[in-house]
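> Same order as they appear, the protein sequences are chains P and X.
This note's numbering puts the first residue of the first sequence at 69, with every later residue one more than the last.
This note's numbering puts the first residue of the second sequence at 23, with every later residue one more than the last.
These are computed hints drawn from the structure, not numbers from a lab.
None of these values were measured; they are calculated from a predicted model.
Heads up, the beta-carbon is just placed ideally off N, CA and C, and yes, glycines get one too.
Some hints could be false.
Taking beta-carbon pairs under 10 Å as the criterion, some of the chain X residues facing chain P (in silico) [what the hints assert, rightly or not]:
1. 178
2. 180
3. 186
4. 194
A few chain P positions that, by computed beta-carbon distances, are all more than 10 Å from chain X [as the list claims (entries may be wrong)]:
5. 88
6. 114
7. 317
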Amino acid sequence: MAIVGPSGAGKTSLLRTIAGLERESAGRIVLGGERWLDSERRIHLSPERRRVGYLPQDYGLFPHLTVAANVRFAGQCDRPDLLERLEVAHLADARPGQLSGGERQRVALARALARDPRVLLLDEPFGALDAITRRQVRDELGDILAQLGLPTLLVTHAFDDASALAQRIGVIDTGRLVQLATASELLSTPASVMVAALTGANIVEGTAVPTDSGSTVYLQGGGELTSATPARGPVRLAVHPWQVELADPDGCSLTDTVLDVRRDRGAVTVRLTRFTVQVTSGENGRHPTDGSIVGLRVAPRDVHVLPSASGSAG
Amino acid sequence: MALVIAAVLTFLLLPIIALVTYQPVHDLIHGFGTKVATDAIVVSLKTNVIAFVLMIGLGTPFSYILARSRFRGRSVVITVVELPLVMPPAVAGLALLVAFGRFGLLGHTLSALGIDLAFTQAAVVIAILFVASPIYLRGAIAAFEGVDPTLMDVAGTLGAGPARRMLRVAIPLAGGGLGAAAAVAFARGLGEFGATILFAGSFQGSTQTLPLAVYSLFDANLDQAVAIGVMLIIVSAAILLTSKLVVRSWTSSKSTSPSLGGRSSFAPN
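Bound conformation, chain P alone (with noise of 0.2 Å):
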């Protein structure tokens, strides 16, 4: 499971609280019938004494230990077979500066994995890597995390990296829990626009009118979307990027101004004054030119109606 939410949102103190580090805290953790936390009852386990397997965020290897060493302190003991397991055993004798962000992780999984730990606790564990390890290292930690069967608990502010490595995604906001779901139930019916805003949606405000299949919404500044979702009055959308169509201006109900284009290997990124747009590559490989006018069409199924505070949602 994965914790995504902006930062100041309180992930890394959820993380500290559950891990026992956080001494201000009033509620209840109960974990398989271990009471680590509870503050009617005046339960607070010192850190030592709950079983979590803690990462944070620059993993916390202890630089004046070797690799070997760094395991053999959480279980008193030497673990070969977790340095093996983790495909660090080569590395027994090397210090934590001497390795790569994704041999830090594995070492310190096999850390946490030497405590024998309930629950393993994550935190931002791409956030000390660069844009390329960090998806190596993503699905590595994909494949062990399967492998291991354990309850795992991980916080992120990528949505991405939450998608790829969680079945089940709550989204957190200044200390509150907004939404739990999957993956594509956060992408289908976002709560609210900053859960839609994570997800990576364009959102843009409107005036909806109900229609027999659903209702049309006027865009503030021109143009009109359909929407399978039956609203009225003024709404707030949520469009993701990749299911945004770009079309021919005339004949279009929504067009907007090219800002720039950006290719990252297959995928082309277009930037317009209101939306961004995600379009794969074509045969032809023609994108629109800066400054042009190009039209967009979003299925209606796609176009989200998000919840405002006013309620005017259907």
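Once you've looked at the hints, dock chain X against the given chain P.
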């Protein structure tokens, strides 16, 4: 530029050269072997080693706790630790005398128990501790504050209790700073004069340390005073050199590791 450097170096080195070349080497070595000198060496070594062990043994956990905790009045505690540093040594000696002396604040209670501290070897140890240990405490607090708190947290989640966290993580990581502070404190203790002479007196073989021997021989036998002075310089220089080597080897053995200590850790999100 070169002139300024030459002037400063000359000013700093000239007195030392003068002391070493004051008398022929033969006389100098003879001065090392006199009874006054050997007695003073024994007293100095004994009292300084005892004070050093107490300073490290009690000061290290004290500094660790102070560096890791945040409470109201913490800055007051740190100021109290630093106070002896700015106190003139003679005033420190006087203060110790009226605290632990026979007619002092605690002296009444102590002498009722049959303990008389003033003008004993124990008084020398107390004077050295009082004057030198704040140097160590201050350095040790700073060294422990430099240890990445995340590593301490991780150690806790890996099952290490407070004692193990200190011994296995904090002390090794703060080692360079601890070693440097201990060396400076030891050198300060070895040179202690003002507080010792007021609180412990200057009795040969009992409370007369090397600096006190220099002072007492100053009138009677300048050659011998100079010989003991040279001896102190040699020992102090050796401490300085050792501490530099220790700190260097420590930092170079860590240089391959990420500079975790210096990083301001994570945004509290």
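> Each hint should be assessed against the structure and marked as holding or not.
Quick rundown of the hints versus the structure:
1. 178: Holds: closest Cβ of chain P sits about 4 Å from residue 178/X, inside 10 Å.
2. 180: At about 4 Å, which falls below the 10 Å cut-off, the nearest Cβ of chain P leaves the hint on residue 180/X intact, so it holds.
3. 186: 8 Å, holds
4. 194: Holds - the Cβ of residue 194/X comes within 10 Å of chain P, reaching about 5 Å at its closest.
5. 88: Non-interface label fails for residue 88/P: nearest chain X Cβ at 7 Å, not farther than 10 Å.
6. 114: Violated: least Cβ distance 7 Å, not greater than 10 Å.
7. 317: Per Cβ check, residue 317/P is outside 10 Å of chain X; nearest 43 Å; holds.
The earlier numbered hints that this structure contradicts are 5 and 6.
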